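Each protein sequence line maps, in turn, to chains A and B.
Each residue of the first sequence is one higher than the one before, starting from 1 at the first, in the working numbering.
Each residue of the second sequence is one higher than the one before, starting from 1 at the first, in the working numbering.
Simulated from the structure, these hints should not be mistaken for lab results.
This structure is a prediction, so every number in the text was calculated from the model and none was measured.
Don't be surprised by glycine CBs; every beta carbon is placed ideally from N, CA and C.
A few of these clues could be false.
[Unchecked claim] With a straight-line Cα cutoff of 25 Å, these simulated DMTMM-like cross-link-like pairs (lysine to aspartate or glutamate) come out:
1) A/Lys-262 / B/Asp-131
2) A/Lys-262 / B/Glu-125
3) B/Lys-33 / B/Asp-278
[Claimed, not checked] Chain B regions said to be covered by chain A (calculated; three or more residues, Cβ under 8 Å):
4) 92-106
5) 114-124
6) 298-307
[As the list claims (entries may be wrong)] Here are the simulated distance ranges between beta carbons:
7) A/His-92 / B/Ala-288: 29 to 37 Å
8) A/Val-146 / B/Ser-201: 47 to 55 Å
9) A/Ala-57 / B/Val-133: 46 to 54 Å
10) B/Val-193 / A/Ser-272: 25 to 33 Å
11) A/Arg-187 / B/Leu-11: 45 to 53 Å
12) B/Arg-183 / A/Ser-272: 31 to 39 Å
The lines below spell out each chain.
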Amino acid sequence: MLAFIQVLTSGIAIGCVYGLVALSFVLIYKATETVSFMQGDLLMVGAFAALGLHLGAGWPLWLAAALAVAFVGVLGAGLERTVLRRAIGQPHLVAVLLTFGLGMMMRGSVASLPAAAQEVHRLPFAADTYAIGPLVLAASHVWVVVATVVLAAALAAFFRYTRAGLALRACSEDARVAALMGVPVARMHTLAWSLGAALAAVAGLLLAPVTFIHLNMGLIALKAFPAAVLGGLTSLPGALLAGIFLGVAEAVAGLLLPEGAKDVVPYALLMSALLLFPNGLGAGLRRGGGR
Amino acid sequence: MSGLRTAWRHLWPWALILALAVPAMGADYALGKATLVITYAIAGLGVVIVVGQAGQIALGQAALVALGAYVQAVLVGHGLAPLLAMPLAIAAGALGGALASLPARRLGGLYFGMSTLAFALIVEEVLARWDSVTQGAAGMAVAGFSVFGWRADATLAQALVSLGALAAALLLCARLVDSRHGRAWRAVRDDEVAAAACGVSPAAAKMQAFVVGGALSGLAGALYAHWIGFISPEQFGLVFSFELLMLAFIGGARRLGGALWGALVIVAIPQLIAVLRDHLPGDWARAAGLELVLFGAVIVAVVLLRPSGIAGARP
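So that you can see chain A by itself, here it is in the shape it has in the complex:
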C-alpha cells in the first residue's frame, strides 16, 4: 500500500508537468488556432537559461529562474511577431512544420553551446526528501504539485478578473467579434504565445530536479500532446486534469504491467479515447460550465 501511494505521488507530480505543458499548448491553440510543436523545446530552453544564469553567471537561483521564464516569454512573443503570425488562418500543417522547424533551431542552438551539449546538469534545489510518517516524498515532487496548484489558481484569476485575460478569452471565443468589440486581436495573439512559452519554461524549471536538465528533456512534450487532446484541445482545466490523469495512469502501469508498457500507456489511452470519445474527454467538462 505504501509503495502504491509512493508511486501515486510521483505519478501526480510528473502528471502535473504533463499538464502544464499541455496547458501551454492549449492556451496557444485556443487563442490563435495554431498548433505548437515546440513547447518541449521552449521548456528545454527555459531550463538551460536558468542553468546558465545561475551556474554560469552566478546569479541567485530565484532571480535566474524568474529571468529565464521572462526570457522564454519574450522569445515566444518575438517568434510570434516575426514568424508564427504567418501561420494564422493557414492549414494546421503550416504551424506544425513552422514550430517544429523553430524547435529544431532551438535544440540545435543549445546543442551548439559546448558547455550545454551531451551532458546532464542539475539545478541545486529540491534535492532532499520529506518524511511524513512512513511516507517519504521527494521534495522535487512536492514542489511540482504546489507550483502547479499556484499556477493554475493564478491563471484562473487572470482569465476571470483581468482585462487582458478577459480579452484573451473573447479572442479565443470568436476573434472577429472580439475585434469588433475593440480587443486588439493581434496583440492578444502575441500575449498568448508569450504566456504559452513562459508556461513551458516554468514546466521546464519544475522538471529540472525530477529528470535533470539535458538536451532531450523536451521529449516530455510528446506525453503532453495526448494530455492536451484527451482534455479536448480547447479546455484549460481539461488539459491539466488529463495531464495528471496520464501521469498517474503511467505510474500505475509501471507498477502493474510488464516493463516497457508504461511508455505506451498514454498513447494507447489517447487512441482508445479518440475512437470512443471523438470530442475529447473534456467536452463534457466544458459543457458543464468550465471554459
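Given chain A, work out where chain B should sit, using these hints.
The following block gives chain B in isolation, referenced to the frame of chain A:
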C-alpha cells in the same frame, strides 16, 4: 512525341544534377546518394498522397516505413527471397496505413493528426520491445538485395533497382491521382462536407489514401533496409516522420514530382553541412547543433517564402 517532350522536360534537371554530382563526388558516392534520394522519394510519394492529395495531417509516416523495413528484414532473415518478401513488406505498410487511418472515420483534422502520432509512437515502442522478432532496440542487420542469385552489391545496381521501384511507384501514383480515387482525395481535402454531399465517402477516401501511402512507405522501407543494411527502431522515430513531412513540403506536397525535389534537398542538407564544416572557422565547425539549426531554418524558410514548395506553382 509530346509525351517524350514532357518526359524530357521533367528529366533533364535530374540528368544535369547527376552529371554534375558524379565528377564532383565520385561515381560511387554520387550513386549511393542517388539511391538514398530515390528511396526517400518513394516514401515521400506516400506523404504526398496522404497529405498533399487527401489533405490529412500525417505525423507518423515513419512508422509505416518501419513496418515495411522490419517485415522485409525479418522475412529475408528467415531465408525468404528479397523479391518475394517485398510484396509482403508493401502489404504490411498498406495494412499499417489502414490501421492508422481507422480514427479518421470519426475524427478530422488535428485530432486525427494526433492519433497518427500516437500510432507511430506505439509502433516504435513495439518494435523496440518485441525482442524475439525484431531484436529490440539493438537493431538488426539486413542481407543485401538479390534476385535469382544476382546480388545488387554495386552502387549502380542499387541505384537502378531503386529507380525501377520509383518509376513503378510514380506511374501508379500518376494513374491513381488522375482516377476516381484521386478526385475523391482532392474533394475530401478541399471540403469534406461538400465531398460527402456529392457521394464521396470521406472515410473511404481517407483510408484509400492511407493504404496507398502505407504501401509506398512499405516499399521504401524494404529498399531502405537493404541499402542501409542495418535497421533499429530509433531510425524510424518522430524525427524521420517530420523529415518526410518536410520533404513533401519542401518539394511541394501537391505534386508528385515534389517528392523527388524534397528528397534531394533532405539528402543534400547533411552533405552541405559536411562541406560547410570544412570551411567554417574552428568553433563553428565543431558545433554539434549546426545540422539541426540548418534543417530547421530550411523548413521555416520554405514554409514562409515558398509555401507551395519547389515543384509547386510560384506564389
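Here's how the hints hold up against the structure:
1. A/Lys-262 / B/Asp-131: Cα-Cα ~17 Å, so holds.
2. A/Lys-262 / B/Glu-125: Holds - the C-alpha atoms of B/Glu-125 and A/Lys-262 are around 10 Å apart, at most 25 Å.
3. B/Lys-33 / B/Asp-278: holds, 20 Å
4. 92-106: Check passed, 3 qualifying residues.
5. 114-124: holds (count 7)
6. 298-307: holds (count 6)
7. A/His-92 / B/Ala-288: 29 to 37 Å: At roughly 31 Å between Cβ atoms, B/Ala-288 and A/His-92 fall inside 29 to 37 Å, so the hint holds.
8. A/Val-146 / B/Ser-201: 47 to 55 Å: holds, 52 Å
9. A/Ala-57 / B/Val-133: 46 to 54 Å: holds, 52 Å
10. B/Val-193 / A/Ser-272: 25 to 33 Å: holds, 27 Å
11. A/Arg-187 / B/Leu-11: 45 to 53 Å: holds, 51 Å
12. B/Arg-183 / A/Ser-272: 31 to 39 Å: Roughly 34 Å apart at Cβ, these two residues keep to the hinted range, so it holds.
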